[in-house]
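Heads up: the protein sequence lines correspond to chains A and B, in order.
Residue numbers for the first sequence follow my numbering, so the first one is 1 and each next one is one higher.
Residue numbers for the second sequence follow my numbering, so the first one is 1 and each next one is one higher.
These are computed hints drawn from the structure, not numbers from a lab.
A portion of the hints provided could be inaccurate.
[Unchecked claim] Covered stretches of chain A (chain B as the covering partner; in silico rule of three or more C-beta atoms under 8 Å from a C-beta of chain B):
1. 180-187
2. 229-236
3. 246-257
By construction, the Cβ of each residue, glycine as well, lies at the ideal position given by its N, Cα and C atoms.
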Amino acid sequence: MKRLLLGLAVVLLVPLSLFAQDATTNTRTKKADQKKKSAFQKLNGEFQKAYSNLVSDFRKAKTDKKKNEIRKRIPKLNQEFAPKFLKAAEADPKSDVGFQCLSWVLQRQRSGKQFDRALDLIAKHHVTHKNIVRVTSGLLRSQSKKASKFLEAVMKKHPDKTVKGQISITLAAKLKRTAEMEGDLKLYAKAEKAYENAAAEYGSVRVPRSGTVAKASADALKDMRGPRALGKIAPEIEAEDLDGETFKLSEYRGKVVLIDFWGNW
Amino acid sequence: MYPHERSLVKRLANKPFALIGVNSDKDREKLKAVRKKENITWRSFWNGKKGTGGPISTEWGVRGWPTLYVLDAEGRIRYKSSGSPGDKKLDEWIDTLLKEMESSGSN
Numbered sequence: 001m002k003r004l005l006l007g008l009a010v011v012l013l014v015p016l017s018l019f020a021q022d023a024t025t026n027t028r029t030k031k032a033d034q035k036k037k038s039a040f041q042k043l044n045g046e047f048q049k050a051y052s053n054l055v056s057d058f059r060k061a062k063t064d065k066k067k068n069e070i071r072k073r074i075p076k077l078n079q080e081f082a083p084k085f086l087k088a089a090e091a092d093p094k095s096d097v098g099f100q101c102l103s104w105v106l107q108r109q110r111s112g113k114q115f116d117r118a119l120d121l122i123a124k125h126h127v128t129h130k131n132i133v134r135v136t137s138g139l140l141r142s143q144s145k146k147a148s149k150f151l152e153a154v155m156k157k158h159p160d161k162t163v164k165g166q167i168s169i170t171l172a173a174k175l176k177r178t179a180e181m182e183g184d185l186k187l188y189a190k191a192e193k194a195y196e197n198a199a200a201e202y203g204s205v206r207v208p209r210s211g212t213v214a215k216a217s218a219d220a221l222k223d224m225r226g227p228r229a230l231g232k233i234a235p236e237i238e239a240e241d242l243d244g245e246t247f248k249l250s251e252y253r254g255k256v257v258l259i260d261f262w263g264n265w
Numbered sequence: 001m002y003p004h005e006r007s008l009v010k011r012l013a014n015k016p017f018a019l020i021g022v023n024s025d026k027d028r029e030k031l032k033a034v035r036k037k038e039n040i041t042w043r044s045f046w047n048g049k050k051g052t053g054g055p056i057s058t059e060w061g062v063r064g065w066p067t068l069y070v071l072d073a074e075g076r077i078r079y080k081s082s083g084s085p086g087d088k089k090l091d092e093w094i095d096t097l098l099k100e101m102e103s104s105g106s107n
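Using the sequences and the hints, build the whole thing.
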């Protein structure tokens, strides 16, 4: 009888103690998470402060030389902070704070060791994150070879149709951009197909700036099938130069011509 | 400003190459002062008083500056970049097309 009571007591006590331990762990996790959240907020605060110092220096600068010197410090600031955010992310890459730190790196860099590392970690832990578009939309101009692979992985695994739709446009745009920069007509045709497919499958999905996937696709295809598409003979330009004299683009036929749309603002 | 453009014009002075700008500053007079100061030796079309909303950039679908188009000797659009592609890439494009001209004997 005593043994039975003892046994019962043990049976009753054990789950209680487990519950108690669970509660403590939960509190510990919450506190730890809050600590880590401050790590991102802390770093971000430091960065914002340094950045606004640069901005105020820029405003105070009186010469063009000084202004240009300050402009050059912006990418240097990003490079200075990227490893700090990466380190904070590596402390707990799975957490939401980890995601925030990794996103920071991917939004401020376009390639390089830290960029690749951040991409690897986000691909490993956050491919279905609800805010993944924060990262994907910025990958259009990335020169990293991992960027397209990453976009394809998110498209495959993410459950949200809106995310898939937006990425389908980013991927098509990347193909178009690469084709134009490499002078590759085959890739250009591939990009056209990608836009067509995106519209067919995700037409009604909303896309920032363009409205819908269908509209973004239509705009791109209009450009790719119009008179200034890759591979077309350039249309004529006939206009005044800076001194008011009229001249024509066709005067330069027979030469390799670099047309540079520029401005001094 | 524009050191690579200047060096291109210099390097290719004796080659069948032309750098043509399309400028979108609203104030043509101010621009002439910049041209002098920065020693901008290449010719530019002026996009007009509407600046970035002017006719040439609108027709060419330019939405960001700089935007570059490279044409071969036939006038065909062979490369394009929105934003600068970097000095190395720019040199690659032009040298490729110049080589093409030399090997097809169209000098």
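Q.
Tell me the numbers of any earlier hints that the structure contravenes, in ascending order.
A. none
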